[in-house]
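The chain contents come next:
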Amino acid sequence: MGTVRTLSLLAALLALLIAVPPFLDLSWQNALVNVLIASLFALAFNLLAGQAGLLSFGHAAYFGVGAFAALHLMIAVEDGLAFPTPLLPLAGAAAGFLAGLVAGYFATMRSGVYFALVTLAIAELLHSLAPHLAGTFGGEAGISSMRMPWGGIVFGSMLEVYYLTLGWVVLCGLGLWAYTRTPFGRLTLALRDNEQRVRFLGYDAHRSKVVVFAISAMASGVAGSLLAISNETANYSLFATDVSAQVVLQTFVGGSTVFFGPVIGAAIFTLFSFLVSDLTRSWLFYQGLIFVLVMLYAPTGIGGILYGLVRNRRQIDWSRLAWPALQSVVGGLLVAGGVVFLTESAAVLFGQDYAARRQGAGALPAYDLFGVSWNPVGVLTWLVPAILLLGGVALLVTGRRQIDGVKGRRDAPTAEPAPLGGAS
Amino acid sequence: MSRTTNPPALRLAGVTKSFGPIEVLQKLDLDIVPGERHAVIGPNGAGKSTLFNLISGLFAPSSGDIALNGRSIAGLSPHRINRAGLARSFQITNIFHRLSVFENVRLGVLARHGVRYGLFRPVGRMRRVNEETAEVLARVGLTPRADTLAGDLTYSEQRALEIGMTLTTGADVILLDEPTAGMSREETAQAAELIRSVTAGKTLLMVEHDMSVVFSLCDRVSVLVYGSILATDTPAGISANRAVQEAYLGEETA
Chain A
18 MGTVRTLSLL
28 AALLALLIAV
38 PPFLDLSWQN
48 ALVNVLIASL
58 FALAFNLLAG
68 QAGLLSFGHA
78 AYFGVGAFAA
88 LHLMIAVEDG
98 LAFPTPLLPL
108 AGAAAGFLAG
118 LVAGYFATMR
128 SGVYFALVTL
138 AIAELLHSLA
148 PHLAGTFGGE
158 AGISSMRMPW
168 GGIVFGSMLE
178 VYYLTLGWVV
188 LCGLGLWAYT
198 RTPFGRLTLA
208 LRDNEQRVRF
218 LGYDAHRSKV
228 VVFAISAMAS
238 GVAGSLLAIS
248 NETANYSLFA
258 TDVSAQVVLQ
268 TFVGGSTVFF
278 GPVIGAAIFT
288 LFSFLVSDLT
298 RSWLFYQGLI
308 FVLVMLYAPT
318 GIGGILYGLV
328 RNRRQIDWSR
338 LAWPALQSVV
348 GGLLVAGGVV
358 FLTESAAVLF
368 GQDYAARRQG
378 AGALPAYDLF
388 GVSWNPVGVL
398 TWLVPAILLL
408 GGVALLVTGR
418 RQIDGVKGRR
428 DAPTAEPAPL
438 GGAS
Chain B
218 MSRTTNPPAL
228 RLAGVTKSFG
238 PIEVLQKLDL
248 DIVPGERHAV
258 IGPNGAGKST
268 LFNLISGLFA
278 PSSGDIALNG
288 RSIAGLSPHR
298 INRAGLARSF
308 QITNIFHRLS
318 VFENVRLGVL
328 ARHGVRYGLF
338 RPVGRMRRVN
348 EETAEVLARV
358 GLTPRADTLA
368 GDLTYSEQRA
378 LEIGMTLTTG
388 ADVILLDEPT
398 AGMSREETAQ
408 AAELIRSVTA
418 GKTLLMVEHD
428 MSVVFSLCDR
438 VSVLVYGSIL
448 ATDTPAGISA
458 NRAVQEAYLG
468 EETA
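Quick mapping for you: the protein sequence lines, in order, are chains A and B.
Counting from 18, one number per residue, gives the positions in the first sequence under our numbering.
Counting from 218, one number per residue, gives the positions in the second sequence under our numbering.
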């Protein structure tokens, strides 16, 4: 049973998520909180984008609304309202749901590009309105509050916040998964496939889409409220386009056709920004590059590839695949090395610091990268990335050829049917 | 065909539809008797598809009225017309390609059971729904293909699924739009048999080009030419009708 295996895998993952964090330092705990929040946000987004086929470019709106709703409730709790701290995300859920009902009513009147544009416009509207609405969104500075103790739990440490977040994310994630097995969950997939036929079967397609939208916005609101609880503050930048864009990138890199795919993308991107953003200012460029490469060479996302491998595991000749796969990995690493070298060199050479030094020296001075000094006009400086790139590409191409040879023509990499679509 | 007791299953009275300056249907009158199998034939561009789209609610008529079992349905949305008891199939196969055959049919069964926003019970545990779905699949001969993705079915299987889905919502008036289009001779014969068996006890209105299907299956035939009904009669009467021969049937032999 695939379901049993999936569940036991998830149980093992959950056990790790419960057991490991106490041994991590604060910054890692915080990073994991962000991973969990991004995961829930991506799952919520994918309910709309992957399952209902409605690509929203403005999901930051519902994430942000949830965050502000939770903060207002936290402020009320600070002022003496008796409300249990662990249930604060309910405010995010309610606010997200209501915002989703209203916005979804208008957005789902159209589909495709027009739907995407309406959702984008709604988020932009909030983004430009919020700084002026000091009462609700606290102006440009935003609003802040404190987590209040409840039931003997102080909610002062990051670890307590982590477990609260974990609880809500697991609860909502399972809820969204159970959703796919309900009649309405199946109808959601039918809406994606053929909205017209849904109507002729006697369903009110518009109203159904509004409900899907509202549920997606509700879960997004919970994710936003968890961020508010963790940060104890929020401002209008939560409504920004890059928040909306991040969840799109994460979902599609992770794989929108597999239920837990978005979690993979959310985890990778969040950890990537946590680990890499301190090392280089070009991390957003790398992130964009990853997105483009995944879309070009693995349009079903990482989750889609993993799902395909697991599903076809008996047909795949693993022993023959191992060597070309290793070759491809090494090739990929070499290419990555070459790209990073060039990007970081460009970042230095076209930077302000270097411009100042160049003016002082009157020539092209050497620059430091990876602990080594490089001469910008030296042969070696450009030979290293050239060798890395060419060698990497050569390995990738030969590896790819061998993999195609092993796979044969019979399962050419066409779009794999989604597991969500196949299950009955 | 006036009846004092029962209203017609479907009545079109003075139905006109224009797209801009073009009148596709002109003051069209048509009564469909409950329980009959009625075919609409006519040359391409006569307005057959528009007629179906008006009845099923894809478009609203420009003027005139459409009544289902005595109740006006003109201008209602497709899902309301469906709930009022009319279901249609499509000329171009209109199924859920990325869902299994079983799920395609089950969505129709769920709609009939009124489970439109079912969020609190797994659909796998709805025994009656799943049993009825299996029954419909058996009736259209798709039981062995239940778990196949609908998009992977052969063309004639997809047409059978199309008919199966049209049946599921429990409507008593069925509109089939060229159910045998694109089929081989044997497939057409099978499809006609299928239509005969699954529409027993229901009212059927179908657009069909294959005259052998029309003549073997239908009680009455209406000929639609340039947006108006030229004649409505039994199949024998239609083939003997001179005006029809000139306008339509003659073209085929000429």
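Quick caveat, the hints were computed from the structure, so don't treat them as lab data.
Careful, some of the hints might be misleading.
Claimed, not checked - Anything over 10 angstroms on all C-beta distances counts as not near chain A; from chain B, calculated:
| # | residue |
| --- | --- |
| 1 | Arg305 |
| 2 | Asn311 |
| 3 | Glu320 |
| 4 | Ala355 |
| 5 | Tyr372 |
| 6 | Glu410 |
Said to hold, decoys possible - Derived DEER-like restraints, expressed as beta-carbon distance ranges:
| # | chain 1 | residue 1 | chain 2 | residue 2 | range |
| --- | --- | --- | --- | --- | --- |
| 7 | A | Arg224 | B | Ala355 | 31 to 39 angstroms |
| 8 | A | Thr258 | B | His426 | 51 to 59 angstroms |
| 9 | B | Gln308 | A | Gly156 | 57 to 65 angstroms |
| 10 | A | Ile333 | B | His426 | 31 to 39 angstroms |
| 11 | B | Ser289 | A | Arg224 | 50 to 58 angstroms |
| 12 | B | Arg344 | A | Leu30 | 27 to 35 angstroms |
| 13 | B | Ala355 | A | Pro316 | 31 to 39 angstroms |
| 14 | B | Asp364 | A | Val346 | 29 to 37 angstroms |
Built from N, CA and C at the ideal position, the CB exists for glycine as well.
Of the hints given before, which are not true for this structure? Those not satisfied are hints 1, 2, 3, 10, 11.
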